[in-house]
Amino acid sequence: MSIRVVTDSTSDIPQSLADALGIVVVPLNVHFGDDTYKDGIDITSEEFYTRLKEATELPKTSQPSVNDFVQAYEYLTSQGDDVISIHISEKLSGTLNSAWQARNTWEDASGSQQGHGRVEIVDSGMASMGLGLVVLEVARLVNDGASMEDVGKAIETMIAKTGCYVLLDTLEYLAKGGRIGKANAFMGTLLSIKPILTIADGEVHPLDRVRTRDKAIAKLLEIAQGAAPVRSAAIVHSSTPEEVQRVKDGLSSLVSPDDVIVADFGPVVGTYAGPGGLGICVMSDY
Amino acid sequence: MQSSQGVGPEGPNPHQQDYLNGDDLRRAFLTATQCLEKYRDAVNALNVFPVPDGDTGTNMLLTMRAVNEAAGQSPGDSAGDVAAAMAQGALMNSRGNSGVILSQFFHGLAQGLRSKDSFGSRDVAKAFSSASQAANRAVSKPVDGTMLTVISEAARAVVRYTEDDAISENVLATWQAALGAAKDALCRTPLQLAVLREAGVVDAGGQGFVILLEGAYRHLCNEPIDHDDSWLSIPVLDDDGRTFGDGSLSSVTSVSQEYLQATQDELYGYCTQFLLSGQDIDVEQLRIQLASMADSTVVVGNESVAKVHLHTHDPGPIISLAVTLGTISQISMENIDQQHHEFVALHSEMAGGEQATSGALAVVAVASGEGFASLFKELGCAGVVTGGQTMNPSTGDLLEAARNTGASHVVILPNNSNIIPAANQAADLAGGSPVITVLPSRTLPQGVAALLSFNPEGEKDSNLEAMEHALGEVQTLEVTQAVRDATVKGAEITLGQYIGLHNGEVAATGVSASETLAGAISAMLTGRGEESFELVTLYWGEDITEGEANEASEMIQQSHHGVDVQVVHGGQPHYHYIASLE
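For the protein sequence lines, the chains are A and B, in the order given.
The numbering of the first sequence is numbering that gives the first Met the number 0, which starts it at 0 and goes up by one.
The numbering of the second sequence is numbering that gives the first Met the number 0, which starts it at 0 and goes up by one.
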């Protein structure tokens, strides 16, 4: 009997990393018109951004179905394993609703059966690699033999110690997708600005706005310095390898470039971030 | 003239009087204000810089209007009561640097006359002393050769004068001593301040103050206040207008002809306003047309009614043009009070509708031009006060805007050095409700930069720090036309010539706005290198069309590779272009 970690595709965890740590990723869906794609399964990030450029209408996203979670929970617990299921903020997505309903359904059907594990569901209050770093950390803990109780005790601190700072090229996608939250204060059309946002308390908040991308990246790096000492760090982007390298170099005083996880804003997160997004996620020592 | 004691005007010596009362004070400054009104344009013309500047004469006049209004509504008639009312009126309505200093003068005067029913020579000395101290405290770095020097010298003179027992009892003679010293000090201001020397003028605020003292004096002595040349002081200059002897009055050897010429010209201008009603009025076109014929042109309205405000030497052609476009009504000429109030009313509509913020920190900005007003609102200002280089909002305007935000702490971005003193005074007056912090932004782009660093969700202290830091990060270029001939740092500038300013200093001149802009950018880059900036934001003013602005933008991009130019509608008057480089 062991503990299995479940998350959703908005964590943007690279597939190879998820596989290596045995993390189960439940995909959300992306819809271009009538075409539906399972995030990261039916459509890669590259395909998504190519299609986004050509699309006349912005894509939409939808949470995983209750059934998607039921199947995942059923499969894992039937082996006798416990499940810890960590997800995108309830305020940003209905994914947690599907997860909660799935657990209720599963408990009614088979939860009481002898030999089945239990399911704990956690709202990370974040998205993308902010969520991803927490999931990876939990996976490492359970692989090192931590109990559900150990994880339960540590996870709130982990979440509190994790920051997610994102530079967007435009707020247009976030606004049109209805996820702009408090960053609405940075909306405007008269002056082109590069907004820097964070996710805190489950919502998108404005942090800073600057006039040029160059300064925005410098600002992003400056913000990240405040997280020292760092336990883990990720760069998540829909930008260029050059910019990713620049950020990696910029973070070198905090974390060795080899240890920085580089991830794409996947299709679902990319629907709201748009092209040209660049984020730094860091978990401080706890 | 009413006097509580002493010999009245019908007596053998009308210039002998021992005491003055509250009504004397009230009437004296009412007359003084009439005199200032006459010479308002002359004082305005004393700009030391050939750019459309904060109108010192107008600012002082509007401040004095408030002084008189308050004096008229004073609950008590004692000298102390009247002076206190005057000080309060000045405080709330002071405009510009000169208005703020003037309000501090009245504040000191009120302190000196506190609980006095009437006042004599020694009281005048005391009042002038405290007025001088208060005025000097009002500015962070008092500079010699300004209105402050004139006030200080007047105070010093009356104190010296009243120490002489033999002649000290005549309050009018004491006032005259103050006036004489003020005039002497005013004539010498070019000896103390190089900018005045170069322009060949005396200090404008000092001139305004002398006119007020003289107007009051003439009223108290029952002398006529007719227009004659003696009202305007003559700058003390050497032969070549640059080097000086001992600074005494005997060293006067020449008078700046341009100065006299300029003031003569200004005296015959008309402030003209009317309402134009008709069909299919093209407001934009009308504004362009009128701006080519007159100064300070403001045209607002819609296709069926337009409000026109302008300054011109000859209203005739303007009126003739207007009647071809529709029916004109509510014609007014040379009515500064109406001009001001309507200007404010028209523009407050534009700046209206701002949202009240109950948050901890709100920002109020001063902006000129519709484009800038919209921009400041979009970037998160809770209030935008209309004003700028030539229309300085009052302390009261700023305080009201700050209070209207509903926030407990308000940051004011004056966006013009002439407005910083009034903003500081508003901060003092607010008495903590709300707490007001003035971030001394001197240009509109500085204000934009500061506002961009403002995070409505951020901590108060980190916001203030970030905003202040951002002020210093931006380079501002401005292109305008010289409003008079001048010599600036040895360079001759002629009336109508385009001048490019970098952070307020002349950096280029030219025959067109775009050429001057390009020149100013190149001058700025000298010693900095091409890589020193990547983004130019070009705000086009009301004298420029969008097409012209786009052409200028292309020109910049062609001559500076890798630079991004963003063209934004500023709509500001007087400044064809305002650009920020970062």
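Some hints here could point you the wrong way.
Result set (SDA-like, lysine to any residue): computed pairs, CA atoms no more than 20 Å apart in a straight line [claimed, not checked]: (1) Lys218/A x Val158/B; (2) Lys488/B x Lys214/A; (3) Lys214/A x Pro223/B; (4) Lys459/B x Leu190/A; (5) Lys218/A x Glu458/B; (6) Lys214/A x His468/B; (7) Lys218/A x Ser114/B; (8) Lys218/A x Glu533/B; (9) Lys181/A x Pro455/B; (10) Lys459/B x Ala184/A; (11) Lys214/A x Asp484/B; (12) Lys181/A x Glu377/B; (13) Lys376/B x Leu190/A.
Everything labelled a hint here was simulated from the structure, so no lab data went into it.
Structure-based check of all given hints:
1. Lys218/A x Val158/B: Not satisfied, since the Cα-Cα distance of roughly 59 Å exceeds 20 Å.
2. Lys488/B x Lys214/A: violated (36 Å)
3. Lys214/A x Pro223/B: Given that 20 Å is the threshold and the Cα spacing comes to 65 Å, the pair is violated.
4. Lys459/B x Leu190/A: Roughly 24 Å separates the two Cα atoms, so the pair is violated.
5. Lys218/A x Glu458/B: holds (17 Å)
6. Lys214/A x His468/B: Roughly 14 Å between the alpha carbons, so the hint for Lys214/A and His468/B holds.
7. Lys218/A x Ser114/B: violated (59 Å)
8. Lys218/A x Glu533/B: Since the Cα atoms of Lys218/A and Glu533/B sit roughly 16 Å apart, the hinted pair holds (cutoff 20 Å).
9. Lys181/A x Pro455/B: Measuring from Cα to Cα gives roughly 9 Å; hence the hint holds.
10. Lys459/B x Ala184/A: holds (16 Å)
11. Lys214/A x Asp484/B: violated (42 Å)
12. Lys181/A x Glu377/B: Between Lys181/A and Glu377/B the Cα gap is close to 15 Å, so the pair holds against 20 Å.
13. Lys376/B x Leu190/A: Roughly 12 Å between the alpha carbons, so the hint for Lys376/B and Leu190/A holds.
Violated hints, in rising order: 1, 2, 3, 4, 7, 11; the structure is consistent with all others.
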